[in-house]
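Line by line, the protein sequences are chains P and E.
The opening position of the first sequence corresponds to residue 1 in UniProt numbering, with each subsequent residue numbered one higher.
The opening position of the second sequence corresponds to residue 1 in UniProt numbering, with each subsequent residue numbered one higher.
Derived from the structure by calculation, the hints contain no laboratory data.
There may be inaccurate statements among the hints.
Identical chains share a label here; the pair holds if one copy fits it or two copies do between them.
Below are the DSS-like pairs computed for lysine-lysine, each with C-alpha atoms no more than 25 angstroms apart in a straight line [what the hints assert, rightly or not]: (1) K73 to K95; (2) K154 to K71; (3) K224 to K191; (4) K244 to K198; (5) K137 to K71; (6) K39 to K154; (7) K200 to K71; (8) K252 to K224; (9) K95 to K137; (10) K200 to K137; (11) K196 to K71; (12) K39 to K244; (13) K95 to K42; (14) K224 to K95.
No experiment lies behind these values; they were computed from the predicted model shown.
There are 2 protein chains.
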Amino acid sequence: MPVNAIIIYCNILNTVVYTFSFGFVLYSYYLLQMSNSRKVVKLFYDIISPYSWLAFEVLCRYRNVWNIDLKFKPAFLGGVFRGSGNQEPGLVQNKFSYMVTDLKQLSELFGVPVNPPLPCKKGTLNVMRFVTAVAEKEEERGVLVERVSRELWKNIWSTHQDITHPASLTEAGLKAGLSPHEVEELLILSKSQQIKDKLKSVTQEALDYQSFGLPFIVCHVNGKAEVFFGSDRFELMAHRIGEKWVGPHPVKTLSENVITAPPYASE
Amino acid sequence: MPVNAIIIYCNILNTVVYTFSFGFVLYSYYLLQMSNSRKVVKLFYDIISPYSWLAFEVLCRYRNVWNIDLKFKPAFLGGVFRGSGNQEPGLVQNKFSYMVTDLKQLSELFGVPVNPPLPCKKGTLNVMRFVTAVAEKEEERGVLVERVSRELWKNIWSTHQDITHPASLTEAGLKAGLSPHEVEELLILSKSQQIKDKLKSVTQEALDYQSFGLPFIVCHVNGKAEVFFGSDRFELMAHRIGEKWVGPHPVKTLSENVITAPPYASE
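With the hints as constraints, model all of the structure from the sequences given.
So, in structure tokens, the structure goes:
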């Protein structure tokens, strides 16, 4: 091979390598920008709250539709009530009856199997300590706490178990994919001072955002926190974070829109 | 003209007249069926309630989009609270702060100029008696009560007037298109026992539907009453009455959809 050809070959090789490297740097920068531009959305919830379940499932669905980074914040509703001086809803008879019907109807519309009324009146302090332990322990943050929370909601709101019983926590943990050994470890961890303090601090964090009940959603937009209470402010929340609300079943609705769009053309 | 020709001419004329008459009967029957099939939607509201204003404007917009027969039901919020044993919202500091922000944001999203906080703490008994008098007096039911209610909401929630003062009621009446004489008559009528009893009975009607606050919306579907509290259940309500929720600006949204539909075709 003549020297000139070798030089040309090396030059081409260099150009290709440089181009790829430059492309890689650009792509990494793009990914970094994308992750930076994702809006952090914190969901404060307690398993005792059925409206929290509705909000949880809707946000899980929109996590893949909106440009948001969803953070789960297991908190203690009793502590939020005490800290804000608020009362339990449902103490007024008419309001309680309304909530039962409202939950049944929303459950059908949202496709979340909430099945009121609540079977037991016990608090969820131990339950939320268990969820906090899961959130603290897991390495890939958010995956296990999501699964465990969902199973616990099913236990209390669908199959009406006494979720304050350790057997119910174990069942939820196993269904969520944990091993019996891991569940055992988490049950022990959930009784530690570290976890008790963690649940207290997350509950206090909600109170610092001026929460008075759960679910409580905090969106960080342009360096400012905006808060939304309940499971009925998603349309407003979408508007505030620059996203679009298309109902409680975003993937289904969006694909339906794509399918139904062509007929407009022939009109 | 030969006799035969006259007979034929008369026969044609008869046929035309019969056809038109038959068509007219059919069309009248269709209109009757349409009006029968329209779902009655009752809105119980008090001018003191800003969330009632949001619900009122949204329902006024959807009245021309959904197949509903909207009935205005001016009621007394104080009576609903007393009768149901419920407390005023906003007694909890965090909840009050939330409501102020929530109202500002919803006001922008809904395009209704609610401008919190409420400037005066006086009750609206006289105001709601005036609105009740308008509702009772007017022949074309619903037109004037809508206009008067809107003007009163503007007075209390946009320009922060003391609407318990008769001058504020007069101003709202005049702006709504009543003559000074009519306003005078209605102010006198609003103090009558008949009107006091009417407001009481409408408030009791809301309580009979198990209301615990306002706005309270009652939809009559297939002979059954379904109730919705607040200004955040329109998506659910639409689902229950077989209509579609397209956000707080239906006409704008629907026309936008028609405009934006064609680009899908070229994809």
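Here is what the structure says about each hint:
1. K73 to K95: between (28 angstroms within a copy, 20 angstroms between copies)
2. K154 to K71: Only inside one copy: K154 and K71 sit 21 angstroms apart there, 40 angstroms across copies, limit 25 angstroms.
3. K224 to K191: neither (35 angstroms within a copy, 50 angstroms between copies)
4. K244 to K198: Intra 34 angstroms, inter 44 angstroms, cutoff 25 angstroms: neither.
5. K137 to K71: So K137 and K71 pass the 25 angstroms test inside one copy only (15 angstroms; across, 56 angstroms).
6. K39 to K154: Neither: 29 angstroms inside a chain and 36 angstroms across chains, both beyond 25 angstroms.
7. K200 to K71: within (17 angstroms within a copy, 49 angstroms between copies)
8. K252 to K224: Intra 32 angstroms, inter 30 angstroms, cutoff 25 angstroms: neither.
9. K95 to K137: Neither: 39 angstroms inside a copy, 34 angstroms across copies.
10. K200 to K137: The answer is within: 17 angstroms in one copy meets 25 angstroms, while 59 angstroms across copies does not.
11. K196 to K71: within (20 angstroms within a copy, 53 angstroms between copies)
12. K39 to K244: within (14 angstroms within a copy, 30 angstroms between copies)
13. K95 to K42: Result: close only across copies, 19 angstroms inter versus 28 angstroms intra.
14. K224 to K95: Intra 34 angstroms, inter 19 angstroms, cutoff 25 angstroms: inter-copy only.
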